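I would like the entire structure built from these sequences, with the hints used as guidance.
There are 2 protein chains.
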Amino acid sequence: MEQLRTVQELRAWSDAQRRADRRVALVPTMGALHAGHLSLVAEAQRHADAVVVSIFVNPTQFAPHEDLTSYPRPLESDLDQCRAAGVDAVFVPAPGELYPEGAQTFVEVAELAKPLCGASRPHFFRGVATVVTKLLIAARPHVAVFGAKDFQQLQVVRRLARDLLLDVEIIGAPIVRDADGLALSSRNAYLDAATRREALALARALDAAEAALTAGEDHAAVLLEIAGKEIARAPSARLDYAELRDPETLATRERVAGPALLALAVSFPAAAAAGRAAPAKVRLIDNRVLRPPGAPVAPGTDSQQRGTPR
Amino acid sequence: MEQLRTVQELRAWSDAQRRADRRVALVPTMGALHAGHLSLVAEAQRHADAVVVSIFVNPTQFAPHEDLTSYPRPLESDLDQCRAAGVDAVFVPAPGELYPEGAQTFVEVAELAKPLCGASRPHFFRGVATVVTKLLIAARPHVAVFGAKDFQQLQVVRRLARDLLLDVEIIGAPIVRDADGLALSSRNAYLDAATRREALALARALDAAEAALTAGEDHAAVLLEIAGKEIARAPSARLDYAELRDPETLATRERVAGPALLALAVSFPAAAAAGRAAPAKVRLIDNRVLRPPGAPVAPGTDSQQRGTPR
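Sequence lines, in order, name chains E and D. 1455 is the number of the first residue of the first sequence in this note's numbering; add one for each residue after it. 1455 is the number of the first residue of the second sequence in this note's numbering; add one for each residue after it.
Don't read these hints as lab results, they were simulated from the structure. Since this is a predicted model, take the numbers as computed values, not measurements. One thing to keep in mind: the hints can contain errors.
Copies of the same chain look alike in the list, so a pair counts if it fits in one copy or across any two.
Claimed, not checked - Pairs of lysine to any residue residues, derived as SDA-like cross-links and limited to a Cα-Cα distance of at most 25 angstroms, are as follows:
id	residue 1	residue 2
1	K1683	R1699
2	K1683	S1574
3	K1683	R1709
4	K1568	P1554
5	K1568	P1513
6	K1568	E1555
7	K1568	Q1558
8	K1683	K1735
9	K1568	V1743
10	K1568	T1514
Below, the structure written as structure tokens:
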């Protein structure tokens, strides 16, 4: 596995793959890899001959009060996991590589970045769009893979790739859950055992709303109330949002007439940290694309997958 | 000369040049070509084996009240000039090529875009940065050439190319002036003969400030007053700005201690239009990088050139 440190090295690696007629896939990550990331790698390997995983905790997507400094950075474990997964190259840049001195250029996706996570984290998608654009330009992959857990991020990236004429296919990979249903996230590591059990409320809320839809209830207000009640049953949970939106445009939906994204964000208190930096709270997101009963599911558009992949 | 209509065709053309080991230069224009543009082509030819000129009146850099609809679009004459200049390919995209349906992604260069033209035209540099990014991504040139008349634009483009990791050299080409000193601009066509004579005030203002500097006056306030007086001598001129700034950062400068950009923007009434759309006013810009007497001039950093080039 090659370790690339500079943009120059990344470009040279990608060019060499292309000259050898190998399709290149990029899997952008912030490290702290888990089975969800490895499912992205596996998806990338299905679409390409050479997979590069970037590992970079991107400062511009954190607000000053957020968990940039405490975000986990277990680099050696990340490299081991990439090696074991058959990754061809990792790109671990120093900050100055992606943000040259005096950097002040930002990529903004106007409408898609506004609702949901964009409402409570106004810097977030600007930071994501900016760093993903840089990575796509530097790595010039044929495909890039993003997880459907960050559904809005996936749509923002699809939009910017299309709008900026980047010659890349953006692939969304299904959410990976632990056996108990909790969507995998690097931030789950901040939860103690009791809070982790409470955090199952997110998946239960999605299940409950989906069950109600299957039983014939298609009004957003009612489905969101059902989801909200599941969250409220977790004593330490604080609901950030529960919304039903069009999966493509992210416009609000009053009824589930076609595919509809049910998206949740919920904060929990972080476990007391012994000997390491930790944030005060842990914000978890989860989602499911709901479909009216009987509606056909297009291949590759479902976001569900349970248990460790591969 | 090849005529490319789609992004796909542009990519294929550029890839073919690269495969044949030919260096590619891009000259982005909004058409209405004049000798200034042709000097950019000549500069591009000095740096590359294959030159593509893009001709696209970019809607996102015009505010609603500005002259988007009346901006001149003499396509046949533009193509003739490109052909005569030995241009290898022109890219004349339909609007949907550069702004796909639902496009909402914008590139912003935060600090450099704020002062000077950015103050009175807040949308302008966002539109320029966005379309130039798209063109650089799609054409993937080794070099791209921009005129120094739009000095702030040149610095914005240099910054975004660096920040977004675009593997391209941005080259600034000197201002081209008519024999009487007026900087060439597609918008000069809107001036009647009398107003055109008044517009020479811009070049005279730069000359006067430079002469005062040579005579030992290095205070910005005094030099700007001298320049402003030259503008005020033109009865129909309305000064938008006259400023002295650092050429790299565009920070304001109180004294000319090193290279200092003297930048002017002045509006004039447009000629009454017979049978064609025309704006109500014509906004002209001009600039000069002033240097303290005796300071060495780095090669390629001077912005002055008089008369038709080549």
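Quick rundown of the hints versus the structure:
Only within a single protomer do K1683 and R1699 lie at most 25 angstroms apart by alpha-carbon distance; the minimum there is 19 angstroms, versus 59 angstroms between protomers. In the homo-oligomer, the alpha carbons of K1683 and S1574 lie at most 25 angstroms apart inside one protomer (21 angstroms), although the nearest pairing across protomers, at 51 angstroms, exceeds that limit. Taking the closest pair of Cα atoms, K1683 and R1709 come within 25 angstroms of each other only inside a single copy of the chain (19 angstroms); across copies the shortest separation is 66 angstroms, beyond that limit. For the identical chains of this complex, K1568 and P1554 are inter-copy neighbours only, at 20 angstroms across copies versus 27 angstroms inside a copy, given an alpha-carbon limit of 25 angstroms.
In the homo-oligomer, the alpha carbons of K1568 and P1513 lie at most 25 angstroms apart both inside one protomer (20 angstroms) and across protomers (23 angstroms), since each shortest distance falls under that limit. In this assembly of identical chains, K1568 and E1555 lie within 25 angstroms of each other by CA distance solely across copies; the values are 19 angstroms between and 29 angstroms within a copy. In this homomeric assembly, K1568 and Q1558 come within 25 angstroms of each other (Cα to Cα) both inside a single copy, at 21 angstroms, and across copies, at 12 angstroms. Within a single copy, K1683 and K1735 get their C-alpha atoms as close as 21 angstroms, which meets the 25 angstroms cut-off; across copies the closest is 61 angstroms, which misses it.
Taking the shortest Cα distances, K1568 and V1743 sit within 25 angstroms of each other inside one copy (19 angstroms), while across copies they are farther apart (41 angstroms). In this homomeric assembly, K1568 and T1514 come within 25 angstroms of each other (Cα to Cα) both inside a single copy, at 17 angstroms, and across copies, at 20 angstroms.
The structure is consistent with each of the numbered hints, conforming to all of them.
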